[in-house]
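Undergrad: As a plain string of letters, each chain reads:
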Amino acid sequence: MKDTRSLSNAAFALLAVLLLISGWQLIVSITGVPRYILPSPEAVLAALVRYSSLLWSHGLTTGLEVVLGFISGTLLGITTALTLAAWYPVRRLVLPLLLASQTIPIFAIAPILMLWLGYGLASKVVMATLIIYFPIASTCYDGLRQTPSAWTDLGQTLGASNAQQLFRIRFPAALPSLCSGLRMAATAAPIGAVIGEWVGSSHGLGYLMLQANGRMQTDLMFAALFILIVIAVLLYQGVDWLCRWLVPWQSLSEQ
Amino acid sequence: MTSTPLGLTVEEASLAYQGTPLFRDLSLKLAPSSWCCLLGRSGCGKSSLLRLVAGLNGSKDTQVRLSDHAGHALPAQAFAWMAQQDALFPWLSVVENLLLGDRLQGRPKNSARRAEAIALLETLNLADKAEARPYTLSGGQRQRVALARTLMRPSPIVLMDEPFSAVDAITRYDLHELATSLLSDRTVLMVTHDPGEALHLSDRILVLSPSGRLAPFDCGGPPKALSLSQRADAEKELITLLGHQ
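Read top to bottom, the protein sequences are chains A and B. To convert, count from 1 in the first sequence and add 1; that's the working numbering. To convert, count from 1 in the second sequence and add 11; that's the working numbering.
What the hints contain is simulated information worked out from the structure, not anything from laboratory work. Here a beta-carbon is modelled for each residue, glycine too, at the ideal position from N, C-alpha and C. Check each hint, because a few of them may be wrong.
What the hints assert, rightly or not - Label-pair ranges, simulated between beta-carbon atoms:
{"#": "1", "chain 1": "A", "residue 1": "R51", "chain 2": "B", "residue 2": "Y146", "range": "44 to 54 Å"}
{"#": "2", "chain 1": "B", "residue 1": "Y146", "chain 2": "A", "residue 2": "L55", "range": "45 to 55 Å"}
{"#": "3", "chain 1": "B", "residue 1": "G117", "chain 2": "A", "residue 2": "L55", "range": "49 to 59 Å"}
{"#": "4", "chain 1": "B", "residue 1": "Y146", "chain 2": "A", "residue 2": "Y120", "range": "47 to 57 Å"}
{"#": "5", "chain 1": "A", "residue 1": "L8", "chain 2": "B", "residue 2": "K235", "range": "55 to 65 Å"}
{"#": "6", "chain 1": "A", "residue 1": "L46", "chain 2": "B", "residue 2": "K120", "range": "50 to 60 Å"}
{"#": "7", "chain 1": "B", "residue 1": "K120", "chain 2": "A", "residue 2": "Q238", "range": "34 to 44 Å"}
{"#": "8", "chain 1": "A", "residue 1": "T80", "chain 2": "B", "residue 2": "E142", "range": "31 to 41 Å"}
{"#": "9", "chain 1": "A", "residue 1": "F168", "chain 2": "B", "residue 2": "Q88", "range": "14 to 24 Å"}
{"#": "10", "chain 1": "A", "residue 1": "D241", "chain 2": "B", "residue 2": "E23", "range": "47 to 57 Å"}
Unchecked claim - Which stretches of chain A does chain B cover? Using the computed rule of at least three CB atoms under 8 Å from a CB of chain B, they are:
{"#": "11", "stretch": "148-161"}
{"#": "12", "stretch": "164-171"}
Stated by the list, open to error - Derived pair list, reagent style SDA-like, types lysine to any residue, alpha-carbon separation capped at 25 Å:
{"#": "13", "chain 1": "B", "residue 1": "K247", "chain 2": "B", "residue 2": "D229"}
{"#": "14", "chain 1": "B", "residue 1": "K120", "chain 2": "A", "residue 2": "A164"}
{"#": "15", "chain 1": "B", "residue 1": "K140", "chain 2": "A", "residue 2": "A164"}
{"#": "16", "chain 1": "B", "residue 1": "K71", "chain 2": "A", "residue 2": "P90"}
{"#": "17", "chain 1": "B", "residue 1": "K140", "chain 2": "A", "residue 2": "A174"}
{"#": "18", "chain 1": "B", "residue 1": "K71", "chain 2": "A", "residue 2": "Q251"}
{"#": "19", "chain 1": "B", "residue 1": "K140", "chain 2": "A", "residue 2": "A151"}
{"#": "20", "chain 1": "B", "residue 1": "K120", "chain 2": "A", "residue 2": "A174"}
{"#": "21", "chain 1": "B", "residue 1": "K140", "chain 2": "A", "residue 2": "Q251"}
Generate coordinates for the entire structure from the input sequences, incorporating the hints supplied.
TA: In structure tokens, the structure reads:
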């Protein structure tokens with residue numbers, strides 16, 4: 002039952018992609034738009050093959066930035082949420098700061114990060130970390146605040162200490178909420194890395210796209226974009242799988 | 012499985028909510044291994060009284076003095092808690108849920124306790140569900156697991172807040188039979204809104220009025236010892252009493 006369902010899901014996803022590509026080809030054929038404005042799907046496929054080693058090498062860099070940023074942002078976000086939930090004084094001090102920090106456009110601080118951390122990997126990892134930090138911290142904290150009272154009551158009557166309540170009851174109870182944050186983060190982390198690369202870098206898909214843009218190699222830009230999408234989709238699928246494994250009771254109720 | 016039976020004495024129980032007292036200076040006394048049901052209209056504070064005994068005060072302004080039948084102070088471990096929601100943790104298997112109290116007390120994994128849990132599940136007809144996750148069970152099965160978890164606590168006093176009200180009538184009947192036999196050596200204080208259930212299960216019935224007074228309901232002996240016809244009369248009387256409050 003479950004297998005046929007996921008099979009048909011995959012079939013529908015494939016159908017959607019095919020429709021998109023045919024629509025794209027149709028526009029190119031009908032309008033006769035020059036290939037430096039909109040290359041045909043075929044031209045992009047050719048670019049993917051021709052530049053495969055180049056795309057692989059730059060894609061690897063961006064992929065590494067995204068994954069490292071995702072991991073560090075997740076750890077930082079969860080630590081923040083646990084700290085906020087555990088200590089009332091910290092909550093009063095940090096929560097307003099945390100909310101205020103969200104009004105700063107991440108784009109605007111990218112040049113500062115380049116200045117401080119250089120043009121290498123570190124500034125992009127920090128960029129990706131910052132962009133996912135808030136969704137992770139806030140969803141996890143929300144989950145920690147909304148533990149069903151029946152569970153905390155039980156914990157209390159079983160003699161759980163505050164730390165046990167937090168780590169053995171409230172944190173696992175917050176996992177469904179945290180998982181929705183993780184899914185959001187999986188789509189946002191690549192944005193952070195690419196913004197970082199646009200602002201200043203010597204490697205990575207964002208860098209490659211800027212270079213290709215300057216040389217009117219639009220087919221290469223599209224090919225790089227495609228690789229970026231593949232990275233984002235793989236990360237999302239990985240996170241989704243992780244979440245289903247972590248929170249099997251939620252995926253069950255969705256069926 | 013349990014330590015020696017203890018009675019329960021509650022004195023000077025007071026509770027105010029946002030400055031308004033819900034009840035003041037209530038007292039009640041339960042004999043060791045007796046079953047007492049606490050009845051009252053919705054909102055009269057019967058659940059609050061039970062939570063007060065269980066130490067689940069929340070942010071309310073409360074006061075209470077607890078001791079056993081001989082006047083000795085009761086430690087927190089003397090109480091086991093069971094509520095309307097099964098409160099089973101979905102990230103633990105059924106048997107891990109039963110052993111949760113041990114884990115939280117920092118006791119090391121112990122095969123004897125595990126065997127005890129499995130034996131209890133067998134008694135409750137749930138032997139094959141030991142390794143299952145709670146969300147794969149039916150509502151009645153989950154409530155039986157919750158009962159088992161309560162029994163795994165070696166506490167002489169069991170506090171129950173409408174434990175059987177979220178299940179269907181047939182399941183409730185089964186649970187009544189199981190609870191009666193399995194809790195026979197414990198002192199039970201149970202809140203219920205169902206007069207029939209109270210008469211069926213208890214040695215004593217206490218009625219909490221909306222004005223905050225606690226009065227025993229007298230039906231000429233332990234309610235659960237009544238014959239069917241006597242119980243029907245007592246139920247009518249009890250409903251009338253509650254209806255006039």
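Undergrad: None of the hints should be skipped; say for each whether it holds.
TA: Here is how each hint holds up against the structure:
Between R51 of chain A and Y146 of chain B the beta carbons are some 52 Å apart, a value that agrees with the proposed interval 44 to 54 Å. The hint said 45 to 55 Å for the Cβ distance between Y146 of chain B and L55 of chain A, and at roughly 49 Å that hint holds. A hinted range of 49 to 59 Å for the beta carbons of G117 of chain B and L55 of chain A is consistent with their spacing of about 58 Å. As the Cβ distance of Y146 of chain B to Y120 of chain A is approximately 50 Å, the hint placing it in 47 to 57 Å holds.
Our hint of 55 to 65 Å for L8 of chain A and K235 of chain B holds, since their Cβ atoms are close to 58 Å apart. Evaluation of the 50 to 60 Å hint for L46 of chain A and K120 of chain B yields a pass: the beta carbon distance comes to about 57 Å. The supplied range of 34 to 44 Å is met by K120 of chain B and Q238 of chain A, whose beta-carbon atoms lie about 36 Å from each other. Distance hint check: the CB atoms of T80 of chain A and E142 of chain B are about 33 Å apart, consistent with the given range 31 to 41 Å.
Between F168 of chain A and Q88 of chain B the CB atoms are about 21 Å apart, so this pair conforms to the stated range of 14 to 24 Å. Here the CB-CB span from D241 of chain A to E23 of chain B is close to 56 Å, well matched to the stated 47 to 57 Å. Under the rule that three or more residues need a Cβ within less than 8 Å of chain B, the assignment of the stretch 148-161 of chain A holds, with 11 such residues. Only when three residues or more bring their CB closer than 8 Å to a CB of chain B does the claim for the stretch 164-171 of chain A stand; here the count is 3, and the claim holds.
Proximity of K247 of chain B to D229 of chain B is assessed by CA-CA distance (about 13 Å); at most 25 Å being required, the pair is judged to hold. The straight-line distance between the Cα atoms of K120 of chain B and A164 of chain A is roughly 20 Å, inside the 25 Å bound, and the hint therefore holds. This hinted pair does not check out: K140 of chain B and A164 of chain A have alpha carbons roughly 30 Å apart, beyond 25 Å. Taking the CA atoms of K71 of chain B and P90 of chain A, the gap is near 22 Å; set against the 25 Å cutoff, the hint holds.
Note on K140 of chain B and A174 of chain A: the hinted pairing holds, with a Cα-Cα distance of about 22 Å set against a maximum of 25 Å. Restraint check for K71 of chain B and Q251 of chain A: not satisfied, since their Cα atoms lie roughly 33 Å apart, outside the 25 Å limit. Of the pairs offered as hints, the one joining K140 of chain B and A151 of chain A holds, with about 22 Å between alpha carbons and a cut-off of 25 Å not exceeded. Among the hinted pairs, K120 of chain B with A174 of chain A is consistent with the structure: their alpha-carbon atoms are about 23 Å apart, no more than 25 Å.
Under the criterion of a C-alpha separation no larger than 25 Å, the hint pairing K140 of chain B with Q251 of chain A is consistent with the structure, at around 20 Å.
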